[in-house]
Amino acid sequence: MAYEPPKQSFAGQIFDVITLLVLTIGALYIPLYLGLAGAAKVPDPIPDPTWEALGQNATEQQQWVALGITDPAAANDIITARFDYSFSWTSLIVMAVLVIGYFVMVVRLSDREYREVIEERFGTKRR
Amino acid sequence: MDDTTSAAAEPDRLRLLRVLGPAHVWALGVGIVLVGEYMGWNFSVGKGGMIAGLMACWVAGLLYTCVAMIDSEVTSTVAAAGGQYAQAKHIVGPLMAFNVGLFLVMAYTMLEAANAITVGFLLDTVAGMRGQAGLNQQPFIVLAIMFLAWLNYRGVLATLTFNLVITAIAFLAIVALFVSVQFGASAVPLDFSAITSDPLPYGWLGIVASLHFGLWYYLGIEGTCQAAEEVRSPARSLPYGTMAGIMTLLIAATMTWYICSGLMPWEYLGQAGTPLFDAARVTGSTGLMVLLFVGTAFATLASANGCINDASRAWFSMSRDRYLPSWFGAVHPVYRTPYRAIVFLVPIALIFALGAPLDQVVTFSILSGLLGYTFMTFNMVMFRNKWPLGKIKRGYVHPFHPLPTVVLLILCSTAYFAVFLGYGTQLSAMMCFYIVASLWFHFRRYKFVRRGDQFTMPWPKPHGY
Numbered sequence: 858m859a860y861e862p863p864k865q866s867f868a869g870q871i872f873d874v875i876t877l878l879v880l881t882i883g884a885l886y887i888p889l890y891l892g893l894a895g896a897a898k899v900p901d902p903i904p905d906p907t908w909e910a911l912g913q914n915a916t917e918q919q920q921w922v923a924l925g926i927t928d929p930a931a932a933n934d935i936i937t938a939r940f941d942y943s944f945s946w947t948s949l950i951v952m953a954v955l956v957i958g959y960f961v962m963v964v965r966l967s968d969r970e971y972r973e974v975i976e977e978r979f980g981t982k983r984r
Numbered sequence: 068m069d070d071t072t073s074a075a076a077e078p079d080r081l082r083l084l085r086v087l088g089p090a091h092v093w094a095l096g097v098g099i100v101l102v103g104e105y106m107g108w109n110f111s112v113g114k115g116g117m118i119a120g121l122m123a124c125w126v127a128g129l130l131y132t133c134v135a136m137i138d139s140e141v142t143s144t145v146a147a148a149g150g151q152y153a154q155a156k157h158i159v160g161p162l163m164a165f166n167v168g169l170f171l172v173m174a175y176t177m178l179e180a181a182n183a184i185t186v187g188f189l190l191d192t193v194a195g196m197r198g199q200a201g202l203n204q205q206p207f208i209v210l211a212i213m214f215l216a217w218l219n220y221r222g223v224l225a226t227l228t229f230n231l232v233i234t235a236i237a238f239l240a241i242v243a244l245f246v247s248v249q250f251g252a253s254a255v256p257l258d259f260s261a262i263t264s265d266p267l268p269y270g271w272l273g274i275v276a277s278l279h280f281g282l283w284y285y286l287g288i289e290g291t292c293q294a295a296e297e298v299r300s301p302a303r304s305l306p307y308g309t310m311a312g313i314m315t316l317l318i319a320a321t322m323t324w325y326i327c328s329g330l331m332p333w334e335y336l337g338q339a340g341t342p343l344f345d346a347a348r349v350t351g352s353t354g355l356m357v358l359l360f361v362g363t364a365f366a367t368l369a370s371a372n373g374c375i376n377d378a379s380r381a382w383f384s385m386s387r388d389r390y391l392p393s394w395f396g397a398v399h400p401v402y403r404t405p406y407r408a409i410v411f412l413v414p415i416a417l418i419f420a421l422g423a424p425l426d427q428v429v430t431f432s433i434l435s436g437l438l439g440y441t442f443m444t445f446n447m448v449m450f451r452n453k454w455p456l457g458k459i460k461r462g463y464v465h466p467f468h469p470l471p472t473v474v475l476l477i478l479c480s481t482a483y484f485a486v487f488l489g490y491g492t493q494l495s496a497m498m499c500f501y502i503v504a505s506l507w508f509h510f511r512r513y514k515f516v517r518r519g520d521q522f523t524m525p526w527p528k529p530h531g532y
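If you're matching them up, the sequences are chains F and C in order. Residues in the first sequence are numbered consecutively from 858, following my numbering. Residues in the second sequence are numbered consecutively from 68, following my numbering.
Calculated from the structure, these hints are not laboratory results. Treat each hint with caution, since some may be false.
Cut-off 25 Å, straight-line C-alpha distance, at most; resulting in silico cross-link-like pairs (SDA-like, lysine to any residue) [said to hold, decoys possible]:
# : chain 1 : residue 1 : chain 2 : residue 2
1 : F       : Lys898    : C       : Lys528
2 : C       : Lys528    : F       : Glu861
3 : C       : Lys528    : F       : Met858
4 : C       : Lys514    : F       : Lys898
5 : C       : Lys458    : C       : Met524
6 : C       : Lys528    : F       : Asp968
Given the structure is predicted, the values throughout are model-derived calculations rather than measurements.
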């Protein structure tokens, strides 16, 4: 006999939608909102900047001016900002385990569900 | 029982209209993605330098060629609304399908938010040039999202025809800028001296890191198959539209890198909000500035438009299968669109568009896309194993299997590392989100799902079951 799912009430449907919304906003938006996540790009401004000291040739200086930035001091942070790509191998391994573990978990649990689907569609339980 | 063929159990219900051709598929794919040339890709230059940006462009192009090849085969065979979601349902299982549906919704909704942010930023830039600095961007962000949601609510044909026109204009604007600069229209010459003076500011690690935003050049091309149920001839239109889209984007991406890298210092380019419009500003030509303003506005609107279309189809499909509350699975009685799904996703897009920085929103979109591409690798292998060639009728068979799958997996692994470099926190947050959502689905939501209804293709029983 085919599996007959329970009928979900309207309130239950609302509850499930709110759960997903809370999950989305809680996991993704709040860390951004609180400034806990961000690009690790840090400016390292030089004192008394000139275009030459900032490593900008004559054409690049023209380009900065055309972009509305005529004062080297205004470009100081942009030019000197760099990402910090140093990382610990431990955090890289943790990240790899997280990604691989996630896919392994999803595929295994999916397979369990898929067998029920196939059994009902093709097997003795076919409606 | 292996030869038993599943009856395509399709209960009587209001269906989506089959009105789209290959040109609409091209417009849907390129329309969503072309904005990647107008903003976001340039952060790859910021992460690795000028050369790294170009290498990221090409390596990402290779990744997406693999995606398009794989996707064309599976989608031309599993021609149902929801695209990769429907594929996962038939090939891997319900939980994977739920996750793929969420990848699509999150990738497209975040991309939609990024587009709206760019519209606001563009208008603010132009207002600043006109001496009206400090424009409040928020009303324009809200207006853009609400207008496009309304357009989607009213009908898919009008929506994608609108996309076809504005995408073509946005693409021609890039070509016009490229040709004009080549013929000396720029007041400032092209300068590629940074290639020799500062070739790899972060070394080889920068090349890997830049792949993160290199994906942005093409992210969303797989969206072509979201409209599979609304395409007149999926087996023909989807591969044609998708592969033509990838070729269009490879050309546009290379031209974009060339012009922008030549007209702007890489340090500026690496953090610019609207790089092609900025390149037009550097030329000093008012005509080009207007053209690229229009191009940027159209590209962002076309992309957001396609994103609403695709995200709502994925949400609609999940709801129709009860992976999400079935209330969202309704089709509008007059416009025949998934109107409740369209409306529901509007506030989520607004929250991120109004409250999160562009690079973070872009990163969330990229990560969801990346998870989806990773899924495609084992999905393709399982598809060929469960239904070997000749077992079922395929609209298109991609060549050199499993080479595209292996290349895609290697490039996806590299891209995870690229995101980890500089944006590891977002990667963690995203993985935690999907793990918790998966557990929620398996232990709470799955009980509402009708098992047998999850397999609707008229195929024989999969090998090994």
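How the hints compare with the structure:
1. F:Lys898 with C:Lys528: Status violated; Cα separation ~53 Å.
2. C:Lys528 with F:Glu861: With a Cα-Cα distance of about 22 Å, the restraint between C:Lys528 and F:Glu861 holds, given a limit of 25 Å.
3. C:Lys528 with F:Met858: holds (19 Å)
4. C:Lys514 with F:Lys898: It is violated: about 46 Å lies between the C-alpha atoms, which goes past 25 Å.
5. C:Lys458 with C:Met524: holds (13 Å)
6. C:Lys528 with F:Asp968: holds (15 Å)
Hint violations for this structure: numbers 1, 4, all remaining hints satisfied.
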